[in-house]
Amino acid sequence: MTANLTLVLTASALVAAGVYLLLERSLTRVLIGIILISNGVNVAFLVTGGRAGGAPIVGVTEPARMSDPLPQAMVLTAIVITLGLTAFLLAMAYRSWQLTGHDDVQDDVEDAAIRRLAESDAGSSSYDDTDDDASPPEARP
Amino acid sequence: MRAVSLVPLPVVLPLLGAGVALALGRWDRAQRAVSLVVLMATVAIAAVLLVNADADGPLVVWIGGWPEPLGISLVADRLSALMLLVSATVTLAVLVYSLGQGVADGTRNTPVSIYHPTYLVLSAGVANAFLAGDLFNLFVGFEVLLAASYVLMTLTGTSERIRAGTTYVVVSLLSSLLFLVAIALVYAATGTVNLAQLSGRLADLPDGVSLVLQLLLLTVFSIKAAVFPLSAWLPDSYPTAPAPVTAVFAGLLTKVGVYAIIRTQTLLFPDSPLTDLLMWAALLTMIVGILGAVAQSEIKRMLSFTLVSHIGYMVFGVALATAAGLAGAIFYVVHHITIQTTLFLVAGLVERRGGSTSLSRLGGLARASPILGVLFFVPAMNLGGIPPFSGFLGKVGLLQAGVGSGLPLAYVLVAGGVVTSLLTLYAVAKAWNLAFWRAAPAEILEPASAVDAREAVRARGAGGTPRNPASDQPAPSPPVALPAAMVAPTAGLVVAGVALSVVAGPLFAVADRAAADLLERSPYVESVLPRGAP
Amino acid sequence: MTLLLLLHLGLAALGPVVMRVMGRYAFLVLALAPAASFCWLVAQSSQVAQGGSVVEVVSWVPSLDLELAFRLTTLQWVFALLVTGIGAIVLVYCTWYFDADDEGLGRFALNFTGFAGAMLGLVVADDLLLLYVFWELTTVFSYLLIGHRPERRADRRAALQALIVTTAGGLAMLVGLILIGNEAGTYRISEILAAPPTGAAVTAGVTLALVGAVSKSALVPFHFWLPGAMVAPTPVSAYLHAAAMVKAGVYLVALFAPAFADIGPWRPMVLGLGAATMALGAWHALRQSDLKLLLAHGTVSQLGFLVAIVGLGTRSAALAGVAMVVAHALFKASLFLVVGIIDRVTGTRDLRELSGLARSMPLVAATGLVAAASMAAIPPVAGFVAKESVFIAFVDVGATPDGDGTGIGPIVAGIVLAALVAGSALTVAYTARFAWGAFATKRGVSATEPAPVAAGFVAAPAMLGLLSIALGFAGAAETALIEPYAVAFPPGAHVPDLALWHGLEPALALSVVAVLGGLALFVLRDRVERLQARTVPMVDAGRAYDTLMRGLDRLAVEVTGTTQRGSLPIYLAVILVVVVVLPGGALVLGGAWGVDVRAWDVPAQALIGGLIVAAAVLATRARRRLKAVVLLGVTGYGTALLFLLHGAPDLALTQVLVETVTIVVFVLVMRRLPVYFSDRPLTSSRWGRLGIGLLAGTAVAGFVLSATSARIAEPVSEDFPAEAVSFGGGKNIVNVTLVDIRAWDTLGEISVLAVAATGVASMVFVHTRRAGIARPAEGPTIAARRRATGDDYRNTWLRGGRTLTPERRSIIFEVVTRLSFHTMIVFSLFLLFAGHNNPGGGFAGGLVAGLALMVRYLAAGRYELDEAAPVDAGLVLGLGLVVATGTGLMALLFGGEVLQSAVIDLTVPLLGEVHLVTSIFFDIGVYLVVVGLMLDVLRSLGSGVDRLADDDEEGEPAEREPEVVGGVG
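Chains as they are written, first to last, in the numbering used here: chain E, 1 to 141; chain L, 142 to 675; chain R, 676 to 1644.
To be clear, the hints were calculated from the coordinates, so they are not data collected in a lab.
Note that the Cβ used here is the ideal one computed from N, Cα and C, for glycine as well.
Watch out, some of these pointers could steer you wrong.
[Unchecked claim] If you anchor each label on the Cβ, the simulated ranges turn out as follows:
id: 1; chain 1: L; residue 1: Pro208; chain 2: R; residue 2: Ala1509; range: 22 to 32 Å
id: 2; chain 1: L; residue 1: Pro370; chain 2: E; residue 2: Val60; range: 48 to 58 Å
id: 3; chain 1: L; residue 1: Gly198; chain 2: R; residue 2: Leu1286; range: 50 to 60 Å
[What the hints assert, rightly or not] Below, simulated DMTMM-like cross-link-like pairs (lysine to aspartate or glutamate); rule was C-alpha separation at most 25 Å, straight line:
id: 4; chain 1: R; residue 1: Lys1302; chain 2: E; residue 2: Asp104
id: 5; chain 1: R; residue 1: Lys1117; chain 2: R; residue 2: Glu1028
id: 6; chain 1: R; residue 1: Lys1406; chain 2: R; residue 2: Asp1201
id: 7; chain 1: R; residue 1: Lys1117; chain 2: R; residue 2: Asp1271
id: 8; chain 1: R; residue 1: Lys1117; chain 2: R; residue 2: Asp1025
id: 9; chain 1: R; residue 1: Lys1406; chain 2: R; residue 2: Glu1393
id: 10; chain 1: R; residue 1: Lys1117; chain 2: R; residue 2: Asp1201
id: 11; chain 1: R; residue 1: Lys1406; chain 2: E; residue 2: Glu62
id: 12; chain 1: R; residue 1: Lys1406; chain 2: L; residue 2: Glu209
All chains, please: the whole structure from these sequences, using the hints.
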């Protein structure tokens, strides 16, 4: 089965652009990136269906000339799922703005604490209860 | 009604229930009733399926009665049925727990109208993932359970949960997109997405291509299963969710990934060239994970890291790809689902009773609440692989498999396995020393009254520690007495965990048979495509 | 034996209860468990003495060769007698040791009884894995017992230390046992001993098992945990040191010696570590001033001695070893109990403060002295008899050319023997120190005034003392009893026997040397102490352990700090890199390069493709949110065109609708978000992101090309057209696929939509998914305007418009809406019902309806929306799901498969022939869910956001952390 180069290139370009945005910090950008990638994946799905053809509708196109309906069905499912999740992520972005005034993805606090411990060559605060009222790691320099 | 026609019900019933629950948005009691009934039914059905699948081979349904291999096939073989039963049971227990929590907190303002439908959809998604006999449908199953998990993870949208949720959602979305790519490639190369059909067709592909497909699928599922280095998202996201949610996530979601790995690796890519790769991944997952647990000073996070670490055990079993290895992995999955869920529920109780899950704040719980002590100690030892508990049995199964395989690398994994086991014990014992043995802060000794309790919990939030935006620290909150409605289901799971050791004989036998089926492949393929793979 | 273990288990479980009911006398009840076991064992003696065995096997986990297999032969019998007998005695002793009001007695009772049970199981288990089960159980129980007073930090640390050290050894042992069992093909101990496997694996296995034994028995280098465990209550120490826990290691060595003593590393380990431990322990004991601690170090020393002799592996050594184990158990238990009494009645254990106890409590002193005599191997007590034959055994090794069958050369034998004698001398010395320290009247120390001692309190140690004496004279009988075990070893230089008098032999001389040397050391104790003060231990294993653990903790922190960056972009990058490296690498290396491509199907594709790429690239560079979204839209619509050109009208239609909805939703949200993306210096990471992006894109291209070119079979979908019509009753194959062939996917998909909608609502209305539905009459400005204009708003259509302030209204838009709304709804219904045969279907229809609502909202605000759809979105969603799933279940009830559809052709008046496919109901469900989703999105991100915005304008804070977030039930 031959591949449609145009579609392949379009798909890969969409993926590349999407990934570039995906690695951003602004949740809106991340989301745009995700949608770009999914568009790319959907285009790629067309390629896997083989040659272009007539609409897969009996009576309109004779079966031999039809474009493969199965990938279309799968893509349609994917599109709609993406729509739902897009809406949800946007709502999250809104909520994040509501709470913090921006929609930037922040780093995890606990991990940051451990990283600080590592940088200050300290042990974990739960080590061997050195002092019975150990201060939480967050509090450490 | 033939048992085989029960196969779709573990998915359909919860979805129906979810629909009803949504429609009944205004009537909390009705929602509770629906969820309970549906999940109980699911457990019963799963049990029937397991008995039948174990007795007379895989149960297969072609949805809509379409002639194979056109439509979508659902398959309940020994493995899926077993997974189904365990997950359904755990799901039910957690539901009861969360009901108890709701009752204890007073439901007027709890987002019950969101929780119940979403929770039901989650269980439907998990069931679908276990039953799917079709790669794309497996994807849909994943999406269902993930979508539900997104909502549950960010429930009540506190800033902490939004942050954690963002990590979780975006990572999952990326993995879903990769999964789609993999499916597109599989279809491109083989012209089908039916697993049974694929098991035949993939073999005919040039090795290069099939290896690409295998690695891609493996990567996707490893993200879900939290295999190092694809595991870092988990400890950042799970601990922030409400206790029951974290519990069911920890128990089920990663195991769905493990299940997918087991299924695809055995059915689609037999005699895989990736044994060594998987072994290294398993080793790193164990060690890095457990070191993470040792470094933590907060119970939920510590547990999340042990969760990651022990995924390594299962991957080890899969990597061996021997009957013993797979059986060990399967048994370990069953054990781990039960125990990890239990421990997170207990963590919820600790949070409630001790006002925090931070080891630097807790103390004296063993004296303050002996029952809580037992509820933590027993599953903790179980997780630590202390005999005669199931954790030990699963571990021995895997160690025997490793030694039995005689592979040089396997001995390294065996060593890594016991080290992990020791460090797990160290981590939980450390938590025990601090939270349960150390002299108690005054307020833990005399808990607040039920009324204050309710207020306290309101102020605190659904098992999740609210944080004042300035310094992201858990605000210490007055400890409260434990409601029986939450203790009972937890105790139930603890007992179930111990019972695993009692029924270990038959359980391991089922795992052995399931593993044999997986290696043989023909039972699965032939029952899905009786007329041979076209 | 199973029953006896269950008895222990049961009583342990009841422990706390009994304790609450009976107070400290409950110990007498608990003592029944070991006592009963003891009696049963005694009953077996005749059989065991004749070399017979008692066997029990209950199946447990056949898959793992893990069975509840128990076997009682001489060795097990002896150890079991000690475990149960001393266990019972100590429990009785507890009755007087504890006060009624002591805290945590219930816990203690449970743990102690459980501990005794685990120890009994350990010594009678006949399955390697089962042995390990009990082995670990003793570890855990000892952890809980040592941590009996956990508020004290030292206790917690000691408990944790004991747990970690012994478990570490235990796990090594587990691997060893598995290696052995794997080689032997069985885990049944009796079978393995009968036919010992050989080979490198076995050697490794046995060595690892020895590591376990060494750690359990606190031999060098693990000796430090045992003195630490002294923090436990004295009865625990007595049991731990005399009969339980530490004896497990000795037992394992004794158990394996007949089969594995000749394996390479065996003798170096047992003899080397044994001798070293004996000397080191004794040396430490000699400097202690706390009686209990003195005994503890003494135990370490004695354990080294025991392991060395038991592990030697000759017949006489076996006999002597077992005898020594018995003697040690007796005297060490009674010594600890005596110390316990002293501690309780005088309030101190410091030998510098005690004085004159020999006078004030003669009975206790007598007991102590008898035990001490046994420890120092002074005739005529058991200790002497045993140690005498130990010396004999080692003399044989040195004296016979083949080392009495061990193959040990005379020099090595000599060194070991010398070490043991020296150790014995030290033992005598610290024994003397103990006896003097505990009971002697010291100059300059005021006589201690002990409280009266209850008879029952002394009874226990006294009984043990009497046994020590008795055994001293019962050498012959003891020999006969132990013989069956000893004969497992090859016959040695001469037939061994236990007796007080073996004649003038070298062994006797050695005993004398040891005693005299020891006494000398005691007499010169001042010099010795000065010497000890000067010598600093070269390596302190305890400190080594601390360093190790701290190092581990640091390692954990470092590793976690490195791997757990907590940054989402990094996690995503890692995932993508893995994808590029693994599958991508496989693609490059695997050489799947049979690629054949065509430029395009129709040239237009290239044009649109280019457009899409351009838009995508611009989107990445956009700094304004709106701009980025518009460009995103371009790529979306472009994709729709590609679908159309490919011959996928349904796909194109859906894509267009979805894209439109997406953009509108984006805009709704971005009304609130800042106009520009918050810009930060990204240049550093930009190139990295660009690189990963390009790599990912290339990888995907590569994957698709190679996979597509590798197509090996006709797609399953080739049968779709025929089946769609005949079985699915529809002409539009894609739609038939969605609602019938793969309806199961669609079912999952709409549940995703339902949940997503719920999620959207939950993000805005944090505590409920129910958005209130308002009527225009309640609108803010309308009432005012009614007063102003006096018009009756009931007959005017698009009344919601009046709720907007004039400047927010757009007359043209309202008019357009007015014209379009009904048309759109009708069109959506057309799409729904026509879908089965023409492009369209539930999704398209639902989306169009949703867009109609969206237009209403955009035209005239949130009250307008509620006018257009005065229903709860949740209800619509729920209904949709119910209809869809219901359709599926219906088929089941009619005896079909789930979601099986039926084609019904019937004649309806007026309409004539109606061709009805039941899957249409499923599609209606889909339609409803999609509408519900749109409604929820509009209610939340539209109206909800409006409302919050209005509140803000009224001065409420935008920051609204949920005030109530109680449980999720």
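A quick look at each hint next to the structure:
Roughly 27 Å separates the CB atoms of Pro208 (chain L) and Ala1509 (chain R), a value that falls within the hinted 22 to 32 Å. Our hint of 48 to 58 Å for Pro370 (chain L) and Val60 (chain E) holds, since their Cβ atoms are close to 50 Å apart. A beta carbon spacing of about 54 Å between Gly198 (chain L) and Leu1286 (chain R) agrees with the range 50 to 60 Å that was offered as a hint. Under the criterion of a C-alpha separation no larger than 25 Å, the hint pairing Lys1302 (chain R) with Asp104 (chain E) is consistent with the structure, at around 18 Å.
A threshold of 25 Å between alpha carbons decides the hint, and for Lys1117 (chain R) with Glu1028 (chain R) the separation of about 9 Å falls inside it, so the pair holds. This hinted pair does not check out: Lys1406 (chain R) and Asp1201 (chain R) have alpha carbons roughly 108 Å apart, beyond 25 Å. For the hint linking Lys1117 (chain R) to Asp1271 (chain R), the alpha-carbon distance of about 103 Å lies beyond 25 Å, and the restraint is violated. Distance hint between Lys1117 (chain R) and Asp1025 (chain R) is fulfilled; the C-alpha atoms sit about 13 Å from each other, no more than 25 Å.
Of the supplied pair hints, the one linking Lys1406 (chain R) and Glu1393 (chain R) holds, its CA atoms being roughly 15 Å apart against a limit of 25 Å. About 15 Å separates the Cα atoms of Lys1117 (chain R) and Asp1201 (chain R), which keeps this hinted pair within 25 Å; it holds. Restraint check for Lys1406 (chain R) and Glu62 (chain E): the C-alpha separation of about 11 Å stays at or below 25 Å, so the hint holds. For the hint pairing Lys1406 (chain R) with Glu209 (chain L), the CA-to-CA distance comes to about 20 Å; that is within 25 Å, so the pair holds.
When each numbered hint is compared with the structure, violations occur for hints 6, 7.
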